Amino acid sequence: MWRQASKYRHAVPTPGKPEASFTDLTLSDLSGSGVGISEASHGIAASTAWIALPVGSRGDSFGVLPLDRPGRAADVMVTLPSAHGGQALTDLAFSPFDSNELCTSAADGTVRLWRVTDNGPDAPSVGLVTELLGACGGSGKPVEVVRYNPTAKGILAAAGGFGSVAIFDVSTADGAGVFAPSMRLAHKDATSVNALSWDYAGSRLATTSTGTGTGGQLNVIDPRTAGSFESTNCHMGPGKQMVEWLGTHIAGGHGLLTTGRGRQRESEIALWDARSLGGPLTRQVLDSSGGRGAVLPLFDPDTGMLLLAGKGDQMTRWYELVDRQNDWFSWAGAPSLAQEPQRSATLVPKAAMNVMTGEVVRMLRVTSKGMSHGAIVPLSFTVPRKSYADFHEDIFPETRGQTPGGSAAQWLAGADTSAVPLVSLDPARRAQAAPTSDGTVAAADAAEATAPTSPASAGAAGPAAVSTSQEVAPAQEEAEEEAEACYSPTAAAAAAAVRFSRPAGLRFTAGRVMTEASVATYTHMRDVAIRLTGETDALFSSEDFLAFPLSRPGGQVAVLPTQANGAINGRQAEVLSSLLNKADVLDMAFDPASPSTLVCACEDATIRVWHIPTGGLPSPAEAEKIEPAFILRGHHHRVSLVRFSDSVRGLLASASPEGDGSPSVRLWDVVTGTPVTGPNGKPLIITGFKDAIFDVAFSSDGLRLAVTSRDKVLRVFDARTGALLNEGPLFDGVRGSRVFWLRDTGYLVAIGSDRASNRQLRVYDSANLSKHVASQTLDCSPSVLVPHLDQDTGCLFLASRGDAAIHILEVLPTAPFVQYHSRFDVPDAAPLNGFSFHRKAACRVRDLEIARCYRLARPVTSLAQTHQFAVIDQLSFTVPRSRPEFFQDDLFPATRDRSKPIWSSIGAWLAHRGPAPAPAVVDLCPAGMVRLSVAPPVVQAKPKYFSRAVAQESETERSGRVLNDMFANIRAALEDDPTKLSAASQGARQEDTNVVSDSEWDD
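Counted from 1, the sequence shown has number 785 at position 785 by UniProt numbering; the numbering is strictly sequential.
Read the hints as simulated data drawn from the structure, not as lab findings.
Quantities reported herein were computed from a predicted structural model and do not represent experimental measurements.
Glycine included, each C-beta is placed from N, C-alpha and C at the ideal position.
Any given hint could turn out to be false.
[Stated by the list, open to error] Per label pair, the in silico range of CB-to-CB distance:
#1 Arg961 with Ala409: 50 to 56 Å
#2 Ser662 with Gln563: 40 to 46 Å
#3 Gly661 with Ala723: 30 to 36 Å
#4 Glu340 with Thr225: 44 to 50 Å
#5 Gly661 with Pro335: 54 to 60 Å
#6 Pro613 with Pro121: 45 to 51 Å
#7 Val513 with Ser551: 23 to 29 Å
#8 Pro917 with Gln563: 31 to 37 Å
#9 Ser551 with Ser387: 29 to 35 Å
#10 Asp287 with Met966: 29 to 35 Å
#11 Ala723 with Glu624: 51 to 57 Å
#12 Glu340 with Asp287: 16 to 22 Å
#13 Ala756 with Glu603: 42 to 48 Å
[As the list claims (entries may be wrong)] Simulated pairs of lysine-lysine, DSS-like, Cα-Cα distance not exceeding 27 Å:
#14 Lys690 with Lys625
#15 Lys188 with Lys141
#16 Lys690 with Lys712
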């Protein structure tokens, strides 16, 4: 029988690594002995922002953790002790329409509503909203399960050991009073309702119950229709029975799945049609051991994937369900085994999936080696694809968003609330959700929204401009809380995307060590300093010179010309000429508008400005006589870093811890050797930092200044007044961090690490720093990553000292914001001491070179020894193209001329009002090359064998044809009869038509 090709049969279940898990949890007792979570409960709940689960040895407390901040749970979790007055918790559930609304139930029959508040880098806070009484009908018996209606906002069902289901309207819960149930659904002859599930339309309930007889009952109820109650025996063995509606996949939306035990205690599942409960559609035995606890059915209605997680087991089974008679379970995947028995499990909402890695389903399972060593371990199901650079719409159908199909009042009045609006999971099309006045969430297409003030211009007119940009912050914050991975860009970001070119093929970027004789290299250099702070680049370059610190006393800095090459005799120290700073050098920088101007940040609280002679330094003896052009004094402690602005000639920012606990940033004019003065006529000093400053970056227009510091805060200042414009939380780790601006888009990119030393990259909107809009974890290392961004293409290069690899990513001003492309491992495996990139104008565009850098390294001579001499060579990074004879103008747009700043003096910069003028640009197209954009189109060679039927066939037909051809070829091989080969294979034997179009390679 022909079976339709499955989209998800090749999905790979991948348990999360330790750094992606939540660890060191103290878990409550799940034994089902009456103390702790109900056996029929999932035992954990997740929204698009939070995770909630019972914690503590007594089972009367619960904890809430941020979904996107794995690690040691105690660092990010808030715990509510004795949440129900000392009574054991039995179940938890988040509202599908409000990620911050949490419901809990307890053994005394009480149900409480809570609201979670995001506190940024600190643990969240949880406050009690109201208590719902009457769920147990005054019996005092436990409420074992609570479930929100999936279509009507504010409808909540609760069931348990009192033999009925209570339905509440919690849409107006405001803490003013105690709510009573709107209706109660009694179960005849039932002593306990074990589980319940709403159907996809939100109109019917399915429950399992036990009574005085043998086995369990499956019940289907329409709460709003009197007398609508059907039941049947489902599983005849002991223990709890679970039930789950199967979306619209089985029996036209009437399909149900139950799990339980048979008469011989074997674990089994049964499939039912709710319209006819005379018998199951199918019944299957999972195992004969019966397991240790209930089998939790977890179903994803978008993909049809069913996960079965047995409590106390280490195995998670998964299937793909289809609506096909006698073939309901289309595909059964290989079970996933956990290292420890799983105590509870739940699915993460679809909006939180990492769709750009092919993740279609994510399950959270709670495991433990004991009550004090618990962990939440994600299990991600990803569909393998050749590339994840583009969104794969075929495996990510539109899903229900957070806009309800109706209100609680409408549902209670009998209205149909099944029309829940669908949203796309494509990050580029993700509709932005904004809360309305009545608390519901209205979906609005970002493309149709009124364009707010661009974050790129937020600092142009001072603080007032920033407040205008922040008017759109509530909508943006709501979207971020719904799903960080599916962040929806504002209209300003959409405008930035138009300005920002995204060339094709960056994921194929390749690196190599340049060995040409014409390329400047230096070898056999002695006394190169390698013990530097993680915040400094260690190697600095301009168009004319290279500079790096030496390990000799007196703060010596070696300066070499970039146009020369050769070996330096390391045995003669006088051969390497240097500048003498008389104090240890902590950081350096070349003036982008003056290639011969070098500034050195020194340990003695000074900044020395050097003008290097044309042609380089003279002999070592003569070089010692050179004096700095200026010595800038003003800091009270060591100067830890210096940064130039590309937009203002001679504008320099410096940072110092100051030694008195008040770190500061000062601005200088290196043309005149004087400090920049603020509006009050005094030297401009930026303060307000609680700990040491890690990095400083000027915006592309020179009007704003971004600063990262050890106090884990990212701040943006007005560079001309020192006024604080915005601030927000940074990384949790205490190691160094770096920051830079994403051209003129208003976005910031920060690089740092979390508490577990996982190195991360985050993208922030400078108009709203309360939360990052995208994040990418790279690896685990204590070293600080040094970034270089090609502002023309968005290609980002990351490396750290001591590594022999360079990470290559792409950073964009629109979702998904970050794309990890590749990693370049240096062939000689020499540890990197520093690297510095050329200007774009120096790249060989004819060779498709998008970036080139100098590398300072120490060659490895053996597995246990690193060479005592240092070398400087060059690395080249190119992007392959199918038509290299043309100038690739998408890869090499007109680039900014760094030698021509926007303002020729600091006085003009201070006096300017309004947006910054456009910077000068340089056309990189060599003379005589034809631009690709105007090149003649490629004439595609037509294959010799072409079938119109094949060209017009659907994906399903193509999959079937491929399978039939494969079986025909197998039969021909077994019978050794070439005449039985498929038509496609016979044609391939006659002529190989391996035609690859340019578009397939360039994309």
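How the hints compare with the structure:
1. Between arginine 961 and alanine 409 the C-beta distance comes to about 54 Å, which sits within the given range of 50 to 56 Å.
2. Under the hint 40 to 46 Å, the C-beta atoms of serine 662 and glutamine 563, about 45 Å apart, fit the expected range.
3. Glycine 661 and alanine 723 have their C-beta atoms about 22 Å apart, which leaves the hinted 30 to 36 Å range violated.
4. At about 46 Å, the CB distance of glutamate 340 to threonine 225 agrees with the hint of 44 to 50 Å.
5. The hint said 54 to 60 Å for the Cβ distance between glycine 661 and proline 335, and at roughly 57 Å that hint holds.
6. The hinted range of 45 to 51 Å is satisfied by proline 613 and proline 121, whose Cβ atoms lie roughly 49 Å apart.
7. Checked against the given bound of 23 to 29 Å, the beta carbons of valine 513 and serine 551, roughly 25 Å apart, stay inside it.
8. Checked against the hint of 31 to 37 Å, the pair proline 917 and glutamine 563 passes, with Cβ atoms roughly 33 Å apart.
9. Taken as a hint, the range 29 to 35 Å is violated for the pair serine 551 and serine 387, whose Cβ atoms sit roughly 46 Å apart.
10. Checking the proposed 29 to 35 Å range against aspartate 287 and methionine 966 shows it holds: the Cβ atoms sit about 34 Å from each other.
11. One distance hint, 51 to 57 Å for the beta-carbon pair alanine 723 and glutamate 624, is violated here, with the actual separation near 44 Å.
12. At about 19 Å, the beta-carbon gap between glutamate 340 and aspartate 287 stays in the expected band of 16 to 22 Å.
13. Between alanine 756 and glutamate 603 the CB atoms are about 32 Å apart, so this pair departs from the stated range of 42 to 48 Å.
14. Restraint check for lysine 690 and lysine 625: the C-alpha separation of about 41 Å exceeds 27 Å, so the hint is violated.
15. For a cut-off of 27 Å, the pair hint linking lysine 188 to lysine 141 stands: about 17 Å separates their Cα positions.
16. For a cut-off of 27 Å, the pair hint linking lysine 690 to lysine 712 stands: about 9 Å separates their Cα positions.
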